[in-house]
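The listed protein sequences correspond, in order, to chains A and B. Mapping the first sequence onto numbering that gives the first Met the number 0, position 428 (from 1) lands on 427, and the numbers just tick up by one. Mapping the second sequence onto numbering that gives the first Met the number 0, position 404 (from 1) lands on 403, and the numbers just tick up by one.
Think of the hints as simulated: they come from the structure by calculation, not from any bench. Treat the hints loosely; a few may be bogus.
Partial pick of chain B residues on the chain A-facing surface, computed with a CB cut under 10 Å [claimed, not checked]:
#1 159
#2 160
#3 166
#4 168
#5 172
#6 179
#7 180
#8 183
#9 267
#10 268
#11 305
#12 407
#13 564
#14 567
#15 568
Positions of the beta carbon are idealized from the N, C-alpha and C atoms, including for glycine.
As a plain string of letters, each chain reads:
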Amino acid sequence: MPEALIEARQVEKFYDQPRDNRIQVIAPLDLAIYPDEILTLLGPSGSGKSTLLRILTGLAQPSAGQVLWHGASVKGPCENVSIVFQSFALFPWLTVQENVAAPLKARGVSPEARSARSLKMLDSVGLDGFENAYPKELSGGMKQRVGFARALVVEPEVLFMDEPFSALDVLTAENLRSELLELWEDKKMPTRAVFIVTHNIEEAVLLGDRVVVLGKNPGRIRTDFHVDLPRPRDRKHPRFNRIVDYIYQVLTKPDREPAPTMTGPASSDMKPQYPMLPHARTGGVAGFLEILADHGGREDVYRLADSLSFEIDDLLPIVEASALLGFVKVSEGDVEITPNGLEFANAPILRQKELFRNAALEHVTLLKQIKRALESKSDHTLPDEFFHDILDEHFSEEETVRQLETAINWGRYAELFDHDAERKRFFIPEEQPVEPQDMEVGTET
Amino acid sequence: MRAQGLSRSLIRDRSWNLLMDAIVFAALFAVAFAVVTVARYWFSAPVAAVKIELSPTAIPRYAFYSLVRMVIAYLLSLVFAVGYGYFAAYHTRVEGPMLALLDILQSIPVLSFLPGVMLAMVSLFPSRQLGVEFGSIVLIFTGQVWNMAFSFYASLKAIPRELSEASRIYRFGKLQRFLELELPQGTIGLVWNSMVSVAGGWFFLMACEMFVLGKRDFRLPGLGSYLQSAASAGDTGAITWGVVAMIGLVVLLDQLVWRPAIAWSEKFKIEQVESSGAQSSPVLNLLRKSPLLNRLRSGMGTRFVEKVYASAATKSQEEESEPSSFQRAVLALAGIIAVLLILHGVFQGLLMLKGISANDFRITVESAGATFLRVVAALAIASAWTIPVGVAIGFNPRLARVAQPLAQIAASVPATALFPVLLLGLISLGGGLNTGSILLMLLGTQWYILFNVIAGAIAIPSEFREVAQIFHFRQVDRWKTVILPAIFPYLVTGLVTASGGAWNASIVAEYFHFKGQVLSTFGLGAEISSATDAGNFAVLLLSTIVMATLVVSVNRLVWRPLYRRAETRYRLEA
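Model the full assembly from the supplied sequences, consistent with the hints where possible.
Take a look at the structure:
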């Protein structure tokens with residue numbers, strides 16, 4: 000094994016809460032970046048992959064554990080790394096060339112050398128002629144090229160990329176990916192390793208020499224393996240598909256630890272987690288079930304995502320929500336609709352709501368809790384803070400807010416309770432019989 | 000043909016540039032001369048009461064003196080605002096108190112500081128004209144600095160996370176971070192707030208160029224004192240000249256300074272794509288073409304900055320170093336001294352207030368009530384006409400294009416400059432200052448509401464209006480369900496600014512020296528002004544505290560909840 004360039008040892012991230020509670024974002028894990036490899040880090044949203052990238056670069060400090068740079072402990076940003084950002088992070092008031100030269104300026108390079116080196120870098124990413132343009136005059140793909148040039152101009156030892164292609168359209172992303180590989184394969188960049196965070200499974204397999212998959216809640220390594228397909232890789236190759244399929248299996252099986260090449264410690268000592276609501280809209284769940292029923296009731300998640308041209312980040316919460324409600328079962332990367340789910344998919348709207356209500360009351364802890372708490376009050380109303388406090392013990396501030404937002408969406412759809420955003424209160428509305436004269440809306444001419 | 004056309008445009012371009020250079024050079028020369036003149040005058044022995052000449056030929060000189068005061072006060076404000084905002088944004092421990100201080104300082108009526116500041120400055124420079132001058136500059140400074148400081152602070156807090164991370168991962172030093180990230184990020188906010196601040200600055204400048212403090216009569220040569228003297232003398236010709244000069248100056252500044260500044264600041268917008276309705280300014284285009292300016296820009300500063308960068312890069316960049324125990328001790332000591340000073344001030348102030356009779360207390364509270372009613376009346380009248388007019392303008396793009404710049408200019412003409420003129424009219428109509436002061440408050444504040452209503456009406460999506468048309472909404476419903484809710488956030492913003500302005504205006508509107516006599520009406524503003532005149536510092540302190548408390552509590556109890564409502568319920572989201 001060669002010496003690691005950057006190595007994380009038992010790093011974890013958590014937020015301390017009062018009353019001995021802590022919100023674990025990343026469970027203790029080990030991860031090392033070795034020379035001559037492209038490592039792709041894959042994970043659903045909320046798995047802490049961007050946080051992990053920031054810890055490895057030294058931008059963020061781990062709550063515990065340490066990061067070693069060539070074996071020495073790191074405090075503050077690493078000496079010689081670069082980041083390519085999802086949002087490009089170009090300074091809008093600097094020209095393309097000034098943007099690329101800025102890191103050199105920070106290193107005290109003379110103006111002449113700065114200008115020469117940044118021009119050369121711009122040439123190599125195909126941007127000659129655009130030196131004097133401002134970023135806002137460029138398309139997304141060209142902006143990201145500037146981002147590449149700025150990252151590479153300092154000849155970083157490790158190049159970090161935080162979802163570098165996800166703000167681009169499909170074609171531009173494909174184009175930039177192949178150019179990145181070209182620079183890497185032809186050793187046109189002095190970089191010794193590349194670390195790419197992504198939520199796109201195909202991208203991870205297409206680019207990575209090594210793929211690390213994170214699980215969420217809290218973030219931990221689910222699997223870490225080498226991809227030994229030759230480059231350029233063919234998406235239609237059966238082995239390519241087998242790897243993609245395998246990753247889907249890992250991602251859709253939140254409870255079971257996958258077998259091969261585990262490095263991180265199993266989180267068996269973790270206390271049981273409060274069940275988390277997947278952030279799916281009720282409309283999304285209904286639509287998903289109807290499509291699944293149309294597909295014959297059973298389908299590969301991978302193929303489904305592909306045919307809907309969904310990213311996993313978009314599809315997984317919906318699958319999870321459907322599974323939580325008992326409308327589908329997930330096994331081996333396949334989703335299968337249950338009898339309840341099938342009835343839901345074929346029912347008219349009002350019946351759908353009823354089925355949803357029953358399923359929600361049976362399976363969803365948070366909705367159950369809210370409804371019971373509201374019923375126990377004589378005026379059937381409670382302030383937001385009440386539920387905030389319950390969730391605060393289990394989730395971060397941000398996640399608590401999102402949990403409540405989702406709960407409100409589901410609760411309203413199921414007609415379990417309502418919410419007054421202005422007074423910040425949950426309440427159970429009074430029964431209001433619909434009177435016939437109310438139905439006359441729109442008959443006036 | 001083509002070549003000839005090209006070379007011709009080249010000639011025109013070149014000669015333009017030469018002309019521009021000549022203008023720039025002349026401007027530099029004029030500035031140098033002006034500095035010498037001002038310095039000579041400032042360091043001359045103080046003149047007890049400057050005789051103000053009413054001949055129109057004196058106006059350019061007076062306008063110049065006023066302008067110099069404004070420029071110096073503004074530059075001071077800019078430096079202070081950037082420093083204050085920077086410090087507050089990066090020192091979490093003092094961030095809270097510093098923001099609260101900003102909020103309160105913003106609400107305190109600046110004019111009631113006038114006597115204290117003036118006396119302090121005059122005693123600081125007893126043998127020079129500088130004292131009084133500096134006093135007026137400090138007053139203008141306190142009137143315009145706070146919103147700029149807040150704007151810069153808010154910009155720093157709004158730096159996109161990834162930009163900030165980029166500057167860290169690429170190891171920017173403090174200077175590079177400031178010049179290439181923080182200052183550009185704050186520029187747009189600073190430019191817009193500077194415009195508002197300078198307009199406010201004129202308001203105070205006009206008021207503090209000429210005033211009586213106890214037995215002493217302070218006069219500074221300037222446009223404000225010219226207008227007041229002209230009104231006192233009832234010289235209609237001089238008044239007309241003065242007002243024309245004032246408006247001319249405001250329009251000139253708008254065209255030569257603010258339009259170019261706004262157009263220039265467009266480049267600091269954080270946006271992904273180029274917007275279509277970009278601002279433009281012919282003056283800016285000309286300035287950009289001047290080779291002399293370009294050479295100056297690339298020559299002077301850069302060499303120095305390069306040195307700093309180079310030396311910063313050789314030092315290995317250490318993370319935020321922990322303050323040493325010595326530094327910590329100094330900080331603690333400074334904190335203790337500050338607290339002691341504050342306690343001492345409070346104690347002295349209370350001692351002073353002890354001397355006030357119960358009757359004076361009662362009068363102060365009652366007068367506060369009277370002024371409160373006037374402020375409410377002024378806001379009501381202003382809303383009554385600006386809402387319908389503003390909406391009409393906003394709904395008609397062609398009208399808006401003409402009316403908006405006009406309203407902006409009208410708003411930046413300081414109301415205090417027009418007070419004497421209006422008073423003259425009021426008196427000839429036989430009206431008293433009781434209702435007249437409401438009119439004077441209106442003069443200064445209605446524009447804020449008008450602007451905001453126009454902006455709000457423009458922002459109403461046309462679909463909303465189409466819905467109202469398709470379903471044949473009645474006029475009442477149209478206003479109730481479409482227009483008023485949609486402009487609500489803008490209206491609240493306008494009303495907040497207007498109410499602050501009205502309180503401040505009450506100090507000059509309720510009490511007036513005119514033709515050798517004093518016109519006044521019952522109110523808190525009059526209380527403050529007459530205490531200033533009489534040199535009664537106890538009453539002055541009391542009424543200032545009462546006014547500040549009133550303004551702050553109205554902000555907290557009325558405007559803040561309305562703001563919150565505007566942000567949650569009435570926000571138009573895409």
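How the hints compare with the structure:
1. 159: holds (7 Å)
2. 160: Residue 160 of chain B check passes; min Cβ-Cβ to chain A is 9 Å, inside 10 Å.
3. 166: Interface hint status for residue 166 of chain B: holds (8 Å vs cutoff 10 Å).
4. 168: holds (5 Å)
5. 172: holds (6 Å)
6. 179: Status holds, d = 6 Å.
7. 180: Because about 7 Å separates residue 180 of chain B from the closest Cβ in chain A, which is inside the 10 Å limit, the hint holds.
8. 183: Result: holds, 4 Å to nearest chain A Cβ.
9. 267: holds (5 Å)
10. 268: holds (7 Å)
11. 305: holds (7 Å)
12. 407: It is violated, given that the least Cβ distance between residue 407 of chain B and chain A is near 26 Å, above 10 Å.
13. 564: holds (7 Å)
14. 567: OK, holds: residue 567 of chain B within 10 Å of chain A, min 6 Å.
15. 568: holds (6 Å)
Consistency note: the structure conflicts with earlier hint 12 alone.
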